[in-house]
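In order, the protein sequences belong to chains A and H.
When we follow this note's numbering, the leftmost residue of the first sequence carries the number 1, and every step to the right adds one.
When we follow this note's numbering, the leftmost residue of the second sequence carries the number 1, and every step to the right adds one.
To be clear, the hints were calculated from the coordinates, so they are not data collected in a lab.
There is no bait here: all hints are sound.
It does not matter which identical chain is meant; a pair holds if it fits inside one copy or across any two.
Here are the computed lysine to any residue pairs in the SDA-like style, where the Cα-Cα straight-line distance is at most 25 Å:
{"id": "1", "residue 1": "251", "residue 2": "30"}
{"id": "2", "residue 1": "246", "residue 2": "106"}
{"id": "3", "residue 1": "246", "residue 2": "31"}
{"id": "4", "residue 1": "63", "residue 2": "134"}
{"id": "5", "residue 1": "279", "residue 2": "197"}
{"id": "6", "residue 1": "65", "residue 2": "152"}
Number of protein chains: 2
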Amino acid sequence: MSDLTQSMRDVADRVYRQLDELLRPVEGPRGRVIDAMRYACLAGGKRLRPYLVMSSANLFDVKQKNALRVAATIEMIHCYSLIHDDLPAMDDSDMRRGRPSTHNEFDEATAILAGDGLLTEAFAVLADGATHDDATIRARLVLTLANAAGIGGMVGGQMIDISGDRSNLDLAGISELQRLKTGALIKFSCIAGAILASADDTAFAALNNYADDLGLAFQVVDDLLDAEGTAEEIGKPIGQDADRDKATFVKLLGRDGARNKARELADSACARLDLFGDKAEPLRQVAQFVVDRRS
Amino acid sequence: MSDLTQSMRDVADRVYRQLDELLRPVEGPRGRVIDAMRYACLAGGKRLRPYLVMSSANLFDVKQKNALRVAATIEMIHCYSLIHDDLPAMDDSDMRRGRPSTHNEFDEATAILAGDGLLTEAFAVLADGATHDDATIRARLVLTLANAAGIGGMVGGQMIDISGDRSNLDLAGISELQRLKTGALIKFSCIAGAILASADDTAFAALNNYADDLGLAFQVVDDLLDAEGTAEEIGKPIGQDADRDKATFVKLLGRDGARNKARELADSACARLDLFGDKAEPLRQVAQFVVDRRS
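Next comes chain A alone, as it looks inside the complex:
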């Protein structure tokens, strides 16, 4: 197992335990929504976003326990978005990560509430004094995450994605869609450490640039995997994007073009981190991992 794989597994384990602790089961009918939140959040997955949070925190003098709480919140937000995106009225996906999607395992109403619950809980965790002693940092985390997740970020991107116009998007349009729908949360993950450390503008700029390249590379590879992958490998039905005549990076650039684009972006992402020296090695490895991954 590579260092990166081992290190990602370690973070995934710690994030699992943190989420398990934050989302405790309760008795009675209210417990059902928490069970659904746990089902969606404790299912595994690569935990890429939490790994980015922990790796960006490691560039600075940030307490691990603080970073871990932020890592858990970004996963809550990511999982809420998957629950709602999978709903029949949205992408109508029966499967997620090789298991029934949340509305399929529970029911639609419970899945809607579980997503609402995760979104809300994420902000409660960030605003809690346990996340950082300094309330200015807690408020900044809340504001930055809300902007990344909201209408100027993920929700806005999903709106564009489900609108009928995607088949007409050009490269600029699909890059903008990606920047909102998946890029914004990746960017939050990359700068979370800098927020926790009250880092200077130079550090923020470097991490923002890294995140832009990484997020775009991630989406290009997602499109490649959708075009090339097998359902078994990626745990969800494949070819969905092509079936619906959606514009993708593969359609616009071809497979080789998309593959080259992803590699260029990963190289560019790594170069953004020069000022951090060796401390940024985990983030550089993530950029290569994102391009080389098979699922």
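Given chain A's structure and the hints, the job is docking chain H onto it.
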């Protein structure tokens, strides 16, 4: 027009303008989700929760512009909950406030996203420096609202409400359901002014007790209106609760019993405010209004 009616209209107008300013329309396909958020938020309604925020702020030396932002966020959260509660998978309500509900006017996917967007935006507004200079207060507002809206509050209450068990609830059970589903947001509204003012524990205790009585009175009257009202008056189909064999305060106490209970609670709520003297008159008027309202 009574003083209270005039005063509630004034607040409603200001909240409308604040929401209009916070939720600006945008061009392009992303604009659709914002249009849906505006449709749900700018539709009118009594704006009871914002009025409670402004009235609790007026007990203390709180800047009007700060209180108004908080008033707008509680309305965003309230409207998000109405959008999601009305969805076909939840209460399946075609109408809301005498107009098509949001999923009926737009579509289900847009309605889900509009709810998600309002929930997220509310936390962005609270965490923004424009809401208060002191980040400790902003973080406390976020934490308190998230706890009120989440699994230990509104989301938890809605989960109980849609579970099959409601027909078996006794008075304690239905009071607990109300405390979570509607009471928690009313409580946040009542203590928001105290949070903005960093008030002392005595003030918080008084407002918490007032909110407990008021919230319960509000729900008892809601059940009465559902049993007695006309669809035209309350702007949604009536008799829904009875049709579904749900336990309500009217079923458990009878109409006269429920009416007496609501009056007792309103009197008790008013008595909780003695320490604030005349400044609390608007909050006392609200308690009477909640009991006397016909819609």
